[in-house]
Each structure stands twice: as structure tokens, then as C-alpha cells.
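J.: Work from the hints to combine the two standalone chains into their complex.
These protein sequence lines map, in sequence, to chains A and B.
Per my numbering, the first sequence starts with residue 1, numbered consecutively.
Per my numbering, the second sequence starts with residue 1, numbered consecutively.
I should point out that these hints are in silico values taken from the structure, not numbers from a laboratory.
Note that the coordinates shown come from a computational prediction; the quantities given were computed from them, not determined experimentally.
Be careful, since some hints might not be right.
[As the list claims (entries may be wrong)] Quick list of the computed label-pair ranges, beta carbon to beta carbon:
#1 B/T90 <-> A/R69: 35 to 41 Å
#2 B/Q30 <-> A/R47: 24 to 30 Å
#3 B/V111 <-> A/A71: 33 to 39 Å
#4 B/A258 <-> A/R69: 52 to 58 Å
#5 B/A88 <-> A/R118: 40 to 46 Å
#6 A/R47 <-> B/G291: 37 to 43 Å
#7 A/G76 <-> B/A168: 56 to 62 Å
#8 B/A88 <-> A/E27: 51 to 57 Å
[As the list claims (entries may be wrong)] A short, non-exhaustive set of chain B residues, derived as facing chain A with CB atoms under 10 Å:
#9 S150
#10 E229
#11 T263
Heads up, the beta-carbon is just placed ideally off N, CA and C, and yes, glycines get one too.
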Amino acid sequence: MTHHALHMPADEAQVRALRAGDTVTLERTLFGIRDATQIAMFDGGRRTRLDLRGHAVIHTAPNVRRVERGATNQAGYEAVCIGTTTSDRMERFTRPLMEREGVRLIIGKGGLREESQRAFQKLGGAYLAVIGGAAALETTWITAIEDVDLDDLNPESLWRFAIQGFGPLIVGMDAHGGSLYRDVNAGVAARRAAVLAKMGVSP
Amino acid sequence: MLHVAMDAVEEVAKLLYIRALKVLPDDIKQGFARLDASEGDALARSVLATMIENIAVAERTDNLLCQDTGIPIFNVAIGQGVAVDGWALTEAIRRGTARATREHPLRSSVVHPLTRVNGHDSCGIGVPVINLAFVEEAGVLEIEMIPKGSGSENGSFLAMLIPADGVAGIKRFVVDAAIRAGGKVCPPTILGVGLGGTSDVCMHLAKVAATRPLGTRCADAHGAALEVELGEAVNALGIGPQGLGGDSTAFAVHVELAHTHITMNPVAVNVQCHSARRARARFTEQGVEIGS
Numbered sequence: 001m002t003h004h005a006l007h008m009p010a011d012e013a014q015v016r017a018l019r020a021g022d023t024v025t026l027e028r029t030l031f032g033i034r035d036a037t038q039i040a041m042f043d044g045g046r047r048t049r050l051d052l053r054g055h056a057v058i059h060t061a062p063n064v065r066r067v068e069r070g071a072t073n074q075a076g077y078e079a080v081c082i083g084t085t086t087s088d089r090m091e092r093f094t095r096p097l098m099e100r101e102g103v104r105l106i107i108g109k110g111g112l113r114e115e116s117q118r119a120f121q122k123l124g125g126a127y128l129a130v131i132g133g134a135a136a137l138e139t140t141w142i143t144a145i146e147d148v149d150l151d152d153l154n155p156e157s158l159w160r161f162a163i164q165g166f167g168p169l170i171v172g173m174d175a176h177g178g179s180l181y182r183d184v185n186a187g188v189a190a191r192r193a194a195v196l197a198k199m200g201v202s203p
Numbered sequence: 001m002l003h004v005a006m007d008a009v010e011e012v013a014k015l016l017y018i019r020a021l022k023v024l025p026d027d028i029k030q031g032f033a034r035l036d037a038s039e040g041d042a043l044a045r046s047v048l049a050t051m052i053e054n055i056a057v058a059e060r061t062d063n064l065l066c067q068d069t070g071i072p073i074f075n076v077a078i079g080q081g082v083a084v085d086g087w088a089l090t091e092a093i094r095r096g097t098a099r100a101t102r103e104h105p106l107r108s109s110v111v112h113p114l115t116r117v118n119g120h121d122s123c124g125i126g127v128p129v130i131n132l133a134f135v136e137e138a139g140v141l142e143i144e145m146i147p148k149g150s151g152s153e154n155g156s157f158l159a160m161l162i163p164a165d166g167v168a169g170i171k172r173f174v175v176d177a178a179i180r181a182g183g184k185v186c187p188p189t190i191l192g193v194g195l196g197g198t199s200d201v202c203m204h205l206a207k208v209a210a211t212r213p214l215g216t217r218c219a220d221a222h223g224a225a226l227e228v229e230l231g232e233a234v235n236a237l238g239i240g241p242q243g244l245g246g247d248s249t250a251f252a253v254h255v256e257l258a259h260t261h262i263t264m265n266p267v268a269v270n271v272q273c274h275s276a277r278r279a280r281a282r283f284t285e286q287g288v289e290i291g292s
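With the rest of the complex left out, here is chain B (with noise of 0.2 Å):
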């Protein structure tokens, strides 16, 4: 039975939220080196020109990539065999956050809906976010931290497309979401599509696609083969990186899907900007390995 002790919960939470926001996955950095190779345009590559060397100069001076704090989620996976109380883990996480928050200091992107008072400490009525899940692997606890920039949650969009509408309506609502998006998003992005479920699980798949590590392949193969149709698609447009013309508009399309209604057909698209900002800690019995 692995134990995971709360007080090494609360600093992996802070640490990863820093992190994150500091260095820049790998794939990511990959994907970056791909659109560079292959863009056309010679304003488009100055763009990502640009970009490159911030990534070279955040880790050089250890300063963020982005200003843009986000909207801290964590995504925290329990395998078999973990006794963990789940209010206090939660608990540890908001401790984490606002620790993040005073002690870097970073600037807390988080207010009321209404007053829009910040409490500056990254947190509030439900934020951070916490998605719980329970996966096979015995003696594992993931904590997945992804800060998720504003510029691109503003370009989500929900369609509750009928069945008649089929997979034309699908393909023609994600290539407008695309356009409407347009340089808004922070291109290149990662075009994050669900499909099925109830609207509240379509638009968390569509979470869930842009923010998973570039290479991935959606488990069914109908939603992998949409990846690569769309995404060759949304890259003809011409949007290009920062919405200044080019092909790089982006790095990928990815979907994941659910089964639906008979009667439904819900679409939804959430954007992940060139920033695409994750880090990740690994629990086990041998101690906690950090990464993204």
C-alpha cells in the first residue's frame, strides 16, 4: 500500500505549478522545430523565431514563458493500492497553489465571476480545478499541473449538432471554430475537438485533447483518423502563428470522444496555445519523480 503524505503533496503542487509555467515539454519544443522546418512563410517563421528564443530565454534567466498564470488545473490519477484522503489531498493542492502564488510571486489570474475581486492566491471558488480519476496501475499517484492561458479558453465553443448534421457538421464546425479563433488563440495551437458524451463531457474532452502531449493518437481509430484530416485542414487555412498569415496555424487537431444519444451529436473545441504548459509528478514507493 502506498501512503503519499499531504506536506510532500502541497510543495509538489507548488513546484509543478512553477515549473510548468517555466519549462516547456518536450514535445512541445519538438513540434516547434517541425513548424519551423516546414513553414513557408517568411514572416510566419520570424514568429516562430521568436518564440524559440523565448524558450531558450526563460529557462536561461528561470523566468516564466508567458505572463499568463492561467487557470491552475491539476489532474491528479490514483492507481490500485494508494490509501490517500482525498479532502485532505485537495486541501494540499489549494495550499500549493497559493504558496506558488506569494512565494515566486506570480500573478494570480483569479477572480470572482461577479465581483471580479482577486484574492491573489490563484484560488477561489472552485480554483484550482481538480479532475479525480482512478487508473489500474498499482502503487502510482500522477499529479498532472496544467496553468491554462485565457487567450486560448476564450476560443472554446459547444455545438449540440444534431444527428442529421453527421460528421460534415462536425468537420465544418471545428474548421469555423478555427477561423473565429483565428489569431485570438495564440497560434500555433493544439485544437483540442470532443465529440459525443453529454455537453458538460464533451466540452471536458475537448480540454482533455489540447492538452495532451503532442504524438498522441486518440484510442479510437475513427477519432485518430479525424486528427489527421482536420488537422491538415485547420493548417490550410492560412491563419498562420499569431494570426499573421502562414501554414503553422497548428501543431496538431486532437480529439477524443465518447459515446452519445441517439438523438445527440455534441461537438466542442478548446484551444491550447503555443505556450502549451504541463508538468508532472509520479508517486511511488521509490519517492516522487517530477517531469512533464
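In isolation and in its complexed conformation, chain A is listed as follows (with noise of 0.2 Å):
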């Protein structure tokens, strides 16, 4: 298990380095994505201004506060709480993000599936995990919202976020083919059967 610190962006060679069960602290920027927002980009056509070719996003929609315009509030946002969603309905936004957008990490909760294991592979991605949940602390590592487009979509807006020491993330799924959420599944499949039997019950 090896610790990374990235200085975002980054680039291919930087994120085929990690392996599943490492980990990693993000710094500089952040992106964050959610269900409308992808859903307007991938299936309305809609195109962001915001460049996040070797960048990470998370799956995230804020609780924020409006405020005045500033040198350090340029969104015209402060952060209130800002978390992480349940990532596998978003499973089908993997590919197109890293094909299109050029994103190479995608930070989320509970995992994503096969189809973005196999553009992880090929494109050169990652997912890494944040606990789930863990918001009040997750907030501590972000500095400021730099940026946002799409807010007619708000609160899943796409959000450019300052950060600094975001992490210890782990490694979920690698450039390898290497999963932790795999690992786990085909332990839980194996245990299922005598689960049941303990209880009398049939497969």
C-alpha cells in the first residue's frame, strides 16, 4: 500500500500508478458532478465551459451559501456542507467523462461497476473512495468554490472547488483491472449460501 499526493491536474502516468487499497490526498482543484449535471451533458448535449481534462470529480451536489461576488467568493458561493453520493447511478457517466471531458479520476461512495472498470483500463482512471457520510469533515478540506456552470441545474451545478489535503482517499478501482468493491462482492457470493444454511434456510 503506497500513499500518493496528487497536485491536480494529472496525468496518465501519474494515475496508472495507483492500485486498489492505496491512497491518496488531492490537492489544488476539484470538480464536482451529479446526476443532472451529467445527465444534461451526456444525454441533453450540453457543454461545460470549465476544462477538466486530467482533473477529478466527485459525486457531489453542495449545500451552499449565495454571498457577494469577491476575490476570495468568485462563484458568489461559500461552502456550507459538502459531501459525497452513492456513486453506481452514475455508472453509465464514466466513459463519456473520460472520453469527451478528459477527466481521470472519479471520487465517489459505494463503488462503480464493470463498464467503468473497462474505461478505467483503457482510458487511464481511477475511482477513489471518500467515506460516505463524513461531510462536516470533507468540508474542512475544501477552501473555497472557485467556480460553477450550468446553475440553472443548482444544486447540481458543476462546481469548481479550491481544496487543500483532501484526503486520505482510497484507491476503489484501478487502471489494472484491480477492485476493492469486486473483492468484497465475490467474498460476500461466496459466504451467501452458509449465511442461509445457519439460519435453515435453502440457496
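T.: Laid out in C-alpha cells, this is it:
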């Protein structure tokens, strides 16, 4: 197990160096994205002016407060509470996020599926697990909301956060076919029959 | 006769929503301490440690535990000898919910199911969910507020099993629901199981079970025995906190049941995530008590 500090954006070699079970801390920039954002971008054909190439996106829709635009609040928002949502719903957007927008890392909770795994392998990407429901802590890793696009979808806008010491995150799925989720699921499937048998239930 | 003022209900509804989002009930904190002491997997222990740290950070920074403000649910219990205008009460709860959302501010997580338009006040058609019950205790009106997170709510399952499926069918369904929900429902969870009734009652019972405080038992002895058996089974699967493996998949399995039809054997599962948030207010002649 290795710890990696990545100053975003990252290149393909840096992302391919990550292995399932490693830990990662991100610095500088992180983008927030959600169901409605990606439905609009990939089903609705909308484009963003923000440059996601080489970046990490986190599955989120934050609690924010509207404020006067200023030097430290250029987007007109400050963070109230920023956390993470379940990634599985956004499974089919992994490949277009990587192919069209150049995203390298996806951060979320609960993991993604095989099609995302194939995209990570082919295009050079990884899935980083953040602890879901630990949003008060996560918010302390975010220093500012720098920009926002597609804000008619608020709170499911496309957000650009300034971050400091964002993590440690756990590499859940890597670019070499490694997946903690697949390993855990295989173990669960193998234990199912014995768990049922102990209660006198046939599989 | 207890008379409850509607401006007080509005204030309390606002306060309960915000408090529930920030302060985890003691029974859930104790549940974390139990899991932390018994977890055998190193990664799972570090995941639990982060969750426990988050509870402290939320209190220290006066922030929300989780970004998901949920679907607001208010369970109102009205005792004997309480004079209350039911319509005015539900309107006061709606106003309090909207004010919490605007004034804190909170993310409104509520949209129209077809247009997906968000009114940015956590209210809409049928939301907040307000459940009314009438209880024996005199001179008391209680309001319980539950912000129900969507990650765990999406892990809801209903099966209209038949009598021939028996209790074995119920057990298999619950284990398979836990497997299907996996890490998506933010484990460690409280797995709520509803048994019997009609389809809608069965699903509601599962929600009551999932949101019942830890340490409480099903009032029916058969249901209580099933809670223990299913709790051991679910935690032997190895799903673990966040679905990353380990022993701590569920704080507990809770069962609630109702009698059902001779031809029916309905079973429902509803899940409460580890951010098992709840706040309560108790109106009496002496005033209002706030807790969890």
C-alpha cells in the first residue's frame, strides 16, 4: 500500500501508478458533479466552459450559501456542507466523462461497475473512495468555491472547488483491473449459502 | 387540555430539522463504539474511525453531518386531551421546514418526480412527509423529525411473497436485499424489515423499523427473535462499512410486523444509513423539551 499526493490536474502515468488499496490525497482543484449535471451534459448534449482535462470529479451536490462575489468568492457561493453521494447511479457516465471531457479520477462512495472498470483500464483512470456521510470532515478539506457552471441545475451544478489536503481517499478501482468492490462482492457471494444455511434456509 | 400554539410548532419544526442534521443521537454514537470495539478488519476500522471523527467535527464546527438533507419526515404523536387544529399543524410544519432550508441555508433535496424542478424549500407535493398517530398518554404532543437520506432510501425492496415461501423466503429476501444494497446504502446501517399488512403498510413498517432507536426491540416476541437471527446473518456477509469489507455491515436489523391475509406473506426492507439522524420535541403543559 502506497500513499500518493496528487496536485491536480494529473497525467495518465500518475493515475496508472495508483493501485487498489493505495491511499491518495488531492491538492489544488476538484470538480463537483452529479446526476442532473451528467444527464444534461451527456443525454442533453450541453457543454461546459470548464476544463476538466486531467482532473478529478466528485459525485456531490453541496449545501452552499449565496454571497457577494469577491476575491475569495468569485463564484458568489461559499461552502456550508460538501459531501459525497452514491456513485452507482452515475455508472454510465464514467466513459463519456473520460472520453469527452478528459476526466482522470472519479471520487464517490459505494463504487462503480464493470463498464467503468473497463474505461479506467483503457483510458487511464481510477475511482477513489471517500467515506460517505462524513461531510462535515470533508468540508474542512475545501477552501473555496472557485467557479460554477450549468448553475440552472443548482444544487446539481458543475462546481470547481479549491482544495487542501483532500483525503486520505482509498483507491477503490484502478487502471489495471483491480477493484476492492469486486473483491468484497466475490467474498459476499461465496459466503451467502453458508449464511442462509445457518438459519436453516436453502440458497 | 393541552393547547399547542402553531407559531411554536413552526419554530420547533425548523429547529428539529437543523438539529437532526447536525447532532447524531446517543444510541447511534454508542452503536459506533460497539462496532469500533468488535471490528476485525483493519481497513474497516479506519473507515469507522473517519465516521466517528466526522461526528465530532460536525458538533465542533456546528455543521451538518452529511450533505444529504434528505426527504424531511415528521412523525407526530398526539396524546389524549390535546387540542390541536390538524390542518394548521401540518401547515406550520411545512413553514418550519421551508424556513430551515432558506434561513440556515440547507440544500433543498426535493424535486418534482417528472419535471425534476426543485422549489428550493424542501417542500412539494406530499413533502414534508407528515405521519400522524394518536397515543394514550395524556397532555402530550410529540414531534419526531427524520431527514431521510436518499442513498439508503434507494435501497428499498418489497416482495409480495406467498404463504408457501414461509419464513425461509423472508430470511432469504432480507439477506439478498442486504447483498443488493451492498455499499451503496452507506453501511453500517440499520436494516429495517417490515412483515405482513398490505403492501403499503409493509413498506411503512420497514421504515418504522429502520428509524427506530438502537437498543429497542420488536414488541412481538417472534419478530424480536428474527431481529437477532437476521442481525447475525447480515453481519456475517462481509460487506462492511462503505462496502469495503469487514464485520460492521449493520448496527442492527429491526423488524416491525402487522397481521396479514391468509394468502399473503409480504416482506419489505428499508435501510437507514450510518448517519441515522433524528430529533424530537415534546410539548407538555410545562413547555417544549428538545432531544433526540
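J.: If a hint holds in the structure, say so; if it does not, say that too.
T.: Hint check results:
no., hint, result
1, B/T90 <-> A/R69: 35 to 41 Å, "holds (39 Å)"
2, B/Q30 <-> A/R47: 24 to 30 Å, "violated (50 Å)"
3, B/V111 <-> A/A71: 33 to 39 Å, "holds (34 Å)"
4, B/A258 <-> A/R69: 52 to 58 Å, "holds (56 Å)"
5, B/A88 <-> A/R118: 40 to 46 Å, "violated (57 Å)"
6, A/R47 <-> B/G291: 37 to 43 Å, "violated (50 Å)"
7, A/G76 <-> B/A168: 56 to 62 Å, "holds (58 Å)"
8, B/A88 <-> A/E27: 51 to 57 Å, "holds (53 Å)"
9, S150, "holds (8 Å)"
10, E229, "holds (6 Å)"
11, T263, "violated (22 Å)"
Of the numbered hints stated above, those contradicted by the structure are hints 2, 5, 6 and 11, listed in ascending order.
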